[in-house]
Amino acid sequence: MPTYSNRQCHFCKSNIRYIDYKNTKLLENFLTRYTKIVPKYYSGTCLKHQKKLAKAIKNARFMGLIPYTPK
Amino acid sequence: MENENNFNYEIMILLRADLGEELTNKEIDEIKNIITSNNGEIIHEDAWGIKDLAYRIRKEEQGFYVVLNFSMEPKKLEKLEKSLNINPQVLRYLIIKTPPNYEIKSLEEYEEEAEKEEKRKKEKAPTVFKKPQKKKIIKKEKTEIQKEPKEKPEKEKSAEEKPAEEKPEKKEETEEEKSKKEELSKSKLSEVDEKLKSIINDPDISL
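Line by line, the protein sequences are chains A and B. Residues in the first sequence are numbered consecutively from 23, following this note's numbering. Residues in the second sequence are numbered consecutively from 61, following this note's numbering.
Honestly, the hints are just simulated from the structure, not real lab data. One thing to keep in mind: the hints can contain errors.
As the list claims (entries may be wrong) - The calculated label-pair distances, taken between Cβ atoms and stated as ranges, are:
#1 A:Ala76 with B:Glu82: 35 to 45 Å
#2 B:Glu82 with A:Ile59: 32 to 42 Å
#3 B:Lys119 with A:Pro92: 18 to 28 Å
#4 A:Lys47 with B:Pro159: 17 to 27 Å
#5 A:Lys80 with B:Ala107: 18 to 28 Å
#6 A:Thr57 with B:Gln122: 16 to 26 Å
#7 B:Asn85 with A:Lys73: 32 to 42 Å
#8 B:Lys255 with A:Gln30: 52 to 62 Å
#9 A:Lys58 with B:Leu154: 13 to 23 Å
What the hints assert, rightly or not - Residues of chain A placed beyond 10 Å of chain B at every Cβ, according to the derived structure:
#10 Cys31
#11 Phe33
#12 Cys34
#13 Lys58
#14 Pro61
#15 Cys68
#16 Lys70
#17 Lys73
#18 Ala76
#19 Pro89
Model, not experiment: these values are computed from the prediction. The C-beta atom is built at its ideal place from N, Cα and C for all residues, glycine as well.
With the hints as constraints, model all of the structure from the sequences given.
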């Protein structure tokens, strides 16, 4: 989970245009340990990418790649 | 793209894990046939194999993942969806319309990327280890701070003792002093008032 110090948006920084729901290791960086989506005021992602991220995470959850709740 | 009406899609299918190789291949071929028979075109295929699910789906703990990239007319997607909905071997499926600048990546490529990032993090980690020196300096400061307070309480004690002795004498004086102070304050107030009035009457614009 990213901290306050990483203020710059991760996706703007690394020039990622499309956030893929299959890339679970990337998505796991933006989940808390209770597998909730990290709000953008913690992670520092911009609104544009936060919306895409949320969609990707929800798609991955639906397909059983990421859990809804911890076991 | 052969047809102008075709759009690029990506479908992920979750099949039962206990089917065996023959049956899974059959199911995948059937799905492919539906796409190709409706003027569709398969661009890329990626079979992930059997993987553990993050949670139970229809009392199954494992599933067989397949990802297909294809182009198709949007109206004919309904036929595909209908057949998938009826099929009991398909646990879940997800159809996504891919953007024009989409790069097809297989699961292996994503895993390789993740490994590279982990290596980068490990390389970066040793540079952070210079902190202990700073901590020592902080400890020294703390010890200095701790010494000072020891001296202070003695002063405070002496200060506390003195007022206790002087207090009874002061109380007698205070009544006289109060009257004096009031007079002084009144005279001071009047002086200040006069000054203010003078300033208001002829203000210095040169300032």
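Structure-based check of each hint:
1. A:Ala76 with B:Glu82: 35 to 45 Å: Given about 40 Å between the Cβ atoms, the range holds.
2. B:Glu82 with A:Ile59: 32 to 42 Å: holds, 41 Å
3. B:Lys119 with A:Pro92: 18 to 28 Å: Given range 18 to 28 Å: holds, Cβ gap about 20 Å.
4. A:Lys47 with B:Pro159: 17 to 27 Å: holds, 21 Å
5. A:Lys80 with B:Ala107: 18 to 28 Å: holds, 24 Å
6. A:Thr57 with B:Gln122: 16 to 26 Å: holds, 20 Å
7. B:Asn85 with A:Lys73: 32 to 42 Å: holds, 38 Å
8. B:Lys255 with A:Gln30: 52 to 62 Å: holds, 58 Å
9. A:Lys58 with B:Leu154: 13 to 23 Å: This hint holds: roughly 21 Å between Cβ atoms.
10. Cys31: Nearest chain B Cβ is 17 Å from Cys31 of chain A, so the label holds.
11. Phe33: holds, 14 Å
12. Cys34: Cys34 of chain A clear of chain B: closest Cβ-Cβ about 16 Å, beyond 10 Å.
13. Lys58: holds, 14 Å
14. Pro61: holds, 22 Å
15. Cys68: It holds; Cys68 of chain A is separated from chain B by about 18 Å at its closest Cβ, greater than 10 Å.
16. Lys70: holds, 14 Å
17. Lys73: holds, 14 Å
18. Ala76: holds, 15 Å
19. Pro89: violated, 4 Å
This entry does not satisfy hint 19, going by the numbered hints stated previously; all others are met.
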